[in-house]
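Based on the hints, put chains B, C and D in the right spot on chain A.
Given next are the chains, with one letter for each unit.
There are 4 protein chains.
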Amino acid sequence: MVGASSSSLGRNAVRAFSSSISQFFHGIHVFQCPDVVGVVAKLSECIASRGGNINCVDVFVPENKKTFYSRSEFAFDPARWPRDVLESDFQKLGRLFNAERSIVRVPDLDPRYKIAVLASKQDHCVVDLLHRWQEGRLPVDISCIISNHTRAPNTHVMRFLERHGIPYHYLSTAPGNKREQEILGLVEDTNFLVLARYMQILSGGFLQAYGKDVINIHHGLLPSFKGGSPSRQAFDAGVKLIGATSHFVTEELDAGPIIEQMVERVSHKDNLRSFVMKSENLEKQCLSQAIKSYCELRVLPYEARKTVVF
Amino acid sequence: MVGASSSSLGRNAVRAFSSSISQFFHGIHVFQCPDVVGVVAKLSECIASRGGNINCVDVFVPENKKTFYSRSEFAFDPARWPRDVLESDFQKLGRLFNAERSIVRVPDLDPRYKIAVLASKQDHCVVDLLHRWQEGRLPVDISCIISNHTRAPNTHVMRFLERHGIPYHYLSTAPGNKREQEILGLVEDTNFLVLARYMQILSGGFLQAYGKDVINIHHGLLPSFKGGSPSRQAFDAGVKLIGATSHFVTEELDAGPIIEQMVERVSHKDNLRSFVMKSENLEKQCLSQAIKSYCELRVLPYEARKTVVF
Amino acid sequence: MVGASSSSLGRNAVRAFSSSISQFFHGIHVFQCPDVVGVVAKLSECIASRGGNINCVDVFVPENKKTFYSRSEFAFDPARWPRDVLESDFQKLGRLFNAERSIVRVPDLDPRYKIAVLASKQDHCVVDLLHRWQEGRLPVDISCIISNHTRAPNTHVMRFLERHGIPYHYLSTAPGNKREQEILGLVEDTNFLVLARYMQILSGGFLQAYGKDVINIHHGLLPSFKGGSPSRQAFDAGVKLIGATSHFVTEELDAGPIIEQMVERVSHKDNLRSFVMKSENLEKQCLSQAIKSYCELRVLPYEARKTVVF
Amino acid sequence: MVGASSSSLGRNAVRAFSSSISQFFHGIHVFQCPDVVGVVAKLSECIASRGGNINCVDVFVPENKKTFYSRSEFAFDPARWPRDVLESDFQKLGRLFNAERSIVRVPDLDPRYKIAVLASKQDHCVVDLLHRWQEGRLPVDISCIISNHTRAPNTHVMRFLERHGIPYHYLSTAPGNKREQEILGLVEDTNFLVLARYMQILSGGFLQAYGKDVINIHHGLLPSFKGGSPSRQAFDAGVKLIGATSHFVTEELDAGPIIEQMVERVSHKDNLRSFVMKSENLEKQCLSQAIKSYCELRVLPYEARKTVVF
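Protein chains in written order, with the UniProt record's numbering: chain A, 1 to 310; chain B, 1 to 310; chain C, 1 to 310; chain D, 1 to 310.
Note that identical chains are pooled: a pair holds if it fits in a single copy or bridges any two copies.
The calculated lysine to aspartate or glutamate pairs, modelled on EDC-like cross-linking and capped at a C-alpha distance of 16 Å, are:
{"hint": "1", "residue 1": "K269", "residue 2": "D58"}
{"hint": "2", "residue 1": "K226", "residue 2": "D254"}
{"hint": "3", "residue 1": "K114", "residue 2": "D141"}
{"hint": "4", "residue 1": "K65", "residue 2": "E100"}
{"hint": "5", "residue 1": "K65", "residue 2": "D236"}
{"hint": "6", "residue 1": "K269", "residue 2": "E63"}
{"hint": "7", "residue 1": "K114", "residue 2": "E188"}
{"hint": "8", "residue 1": "K226", "residue 2": "E251"}
If you're looking for bench data, these hints aren't it; they were derived computationally from the structure.
Here chain A stands alone, though its shape is the one from the complex (with noise of 0.2 Å):
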């Protein structure tokens, strides 16, 4: 999970500055910890005695496991709580239950998630990143887009790229030639990254280097179909529903914990072009809600294959 850095100030750094009006934030904490008697207790009389008002709890803990899980979301004033006494009180409770993950996130604070997006050919999904960034419903600054394939510059994604000054990097592979030191080198100061239909497997010694989450879109319902032309493979099963699946990436191909899945029915009057359509139409869909899920820090990795998402 990613961490808000609190040491640089944010875009709204005029308000943090306006703390002689009272101004409440939204904050957002996720905990993890082995779990025990009293742990909403710490965290919510901490919250509390702060003057911070909890308007927003999910808390998980699973049958027979010992992992407490919870995100909260409360409003905070400023001026009574300030930042970086926020990040430093959440740690010590994160200290305090030996917590794998204790973190805060304010949106209108903190910086926003960056992010740099990779692709290969297809264009669907990135371009439906792109136009949604720009809409304002993805709260991520993209950093640049990385692709083993070139684009001509009049494309509309090539233009789209170029009006709002996004970096394109064409950088080519070829068996044995990932470029993964190069692409680490552009990628080392973002947040995560998001593998938009690449098409190229990354290496365990770059996630390894990376270090951060790497979200990937399979079009294909795993663990049906992984790996290559999955509309193909379900088109040849005969199969009645397609899917679309986004998971974080680990070494293993496609094996990584999965975030989210959508589905969609076909029937014998489609085509293979028809059931590539459909799982575009998925994709797109099932990708960008797992960067808003991430984004609003409701995923949380839970045993080695799974993800518990609020």
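Only chains B, C and D this time, still in chain A's reference frame:
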């Protein structure tokens, strides 16, 4: 909402006495009060102080409204936190926060909810409820069926009721004579009522005298198609989606707070008969889902016409 | 596919004799042949020449394949087009076009499909089928239930079977002894078999000897989770959607042509028990939908692994 | 419904002349007439006699009504069956059966449908249509956008329109001045109109003068929530499902024949803003699906208030 009586010994009195062996029970608490800072803290602190371990919390505070809603699930040892102390602790918290609602329920100790089911001529909802009940999927005691239609003794329903010792009360109705007094007499010891396609309108006087919740299934997607023959209305309106709605009954016909809604697609190929068949299938699922949520204390009234369904 | 026998008088012999009164019956015809120009013309011309009035047609020719599929519904007067002439007319057309399939069925004249249902320990699919049958929503005759598990006489299922005079055959199985010969003996006069969570694998020898269709419900979304414990497999895989699949049984386990699939959402809140409960609900709906489509002659094999479902 | 003009040469004039090389085109024919015996036979015989190969047929005759609807797709060789002969053949059949409708369309030869899109302040439907059009997923020519709101030149929409040479006509409206004459002047050469969240009501006079189909998207699940602010109405009504409806425009507000409807779940967690966002997502999908079906000749009026959608 219904409070679970803690004064009578439940079916599991044996367990209550085996408190020498530490055994954890599952408790559910719902709370509704004017929103202030510190409610979650106080509630969770109370549970923790009694050794209770929270494993699920849902908190909801609507935007700009001043109401706080929560639903918590926790494990507790009745040796350490006896049922009556549990009850009084939460009542105390209710008074502290001037709560509209502070209800705790321990499914394994408290008596099951006792319901009466009212039906008219249509069988499908009653039959579905009886089957689910018999399979253990409907955690209620059915005190009786009340109907304004007779049913022949050798029908599936009547044989089922006979075998399980559930009385069937035939109370014919006529304009001006809804038999409400007699119904009240039969249902006064129930926790809530289920109208399973009961086609008579219960008066405001009845609802007030009964004083507890009444759940109805309407065979249309409210607020469309209120009143009679919603399938016919939908068929004539040329809709492409039909639905069912389960809701609390109020004086206003088909206008009480909605608990659950379900839809299914229809097309030109559907005639009135298939509209009705699809509707019946939805009604069964929608009604049983509403009852299940209600019994699990997931349903809370929200403003005049809505519900929170955790 | 199953051909309807026209030699025996159906349950509606009375109607067959009242042909002096012009009365229209509903006929269904399915046709599958190598695609050429003029098939629809010939089929519809045949129907029209006999005074039949087509009220529904579905024609499907896959892209680049050379197979023609059609399903027609028409109204006809048996006084003008007797049942046996109907049969021979469509057989003639079948020969004309070298058809793999030319099947006509008149639900109101022909005997109902006769099925046997095989089950193991799990009850829910059998019970659901029996209820639907009893309510008239499953247009088959159930010749018997065959199970490799015993059921106590006072259980709901056994009482139901007793009341309706449906035999229950307990045939215990062991590795190396699938009792297939005995099963064959019991089912040889059925039109098709339904495996309602029957957990034994029928051998290729059995399928060949039986020679008719066998419909199975698999409690997973094929091709994911073949074989045993698909709910457990799905639970461990961290999927967000679970499903059920009804399909024709072939020698290869869980790989025969898929007829219908249904899904439902799951989340971290679902434990294995609720995965199973949601799955059971899907299995019931998916299996009965497949049987209904099959009985209405809507299901046709398509290439090696698929179906056309009109 | 719109008839495709065969008099003008389509974009594929080149293909039309290369008839010396046998090449098959794809034709779509829809037919609506009083139901009698033999319609399918005559239609299919006509196609077969011209060497046309039918690969898809949908026939629908409503219960107890006397209307016959069909939609056929067929492959034909224009060398053998020229476009103008195709047209006259089907017109002849139309006269033979006294048809309300006998329309044939050859997408690869005929001009694309020409539409104008009307919008008000809300952007999302227009933008989605433009994107789909630009990606080749909306098989129409967009002659212009007409709006009663201005848009700044550097907005995404305006830049897009400029780049693609699509005129934007700002026609401000006021009570008593709907600018309908000017709109008529701008749209008279279109095949149909799309109201993409155009908030003015077109008068009966306009509809009559325009004389062709007008498709509207209503941001509510009709017949619920007609008129203004359906999201607000739905929010206040406490529904658990919201939807969008695309329909033909008639004189009666939001009451014309429904073409398509889509729903999405909402809960207490949704505020008015998320109701609107979910609604916008549905509106985009619902409107484009309706336009796609319409362009493929799948939508036929059925009785006063319904549609057949093949």
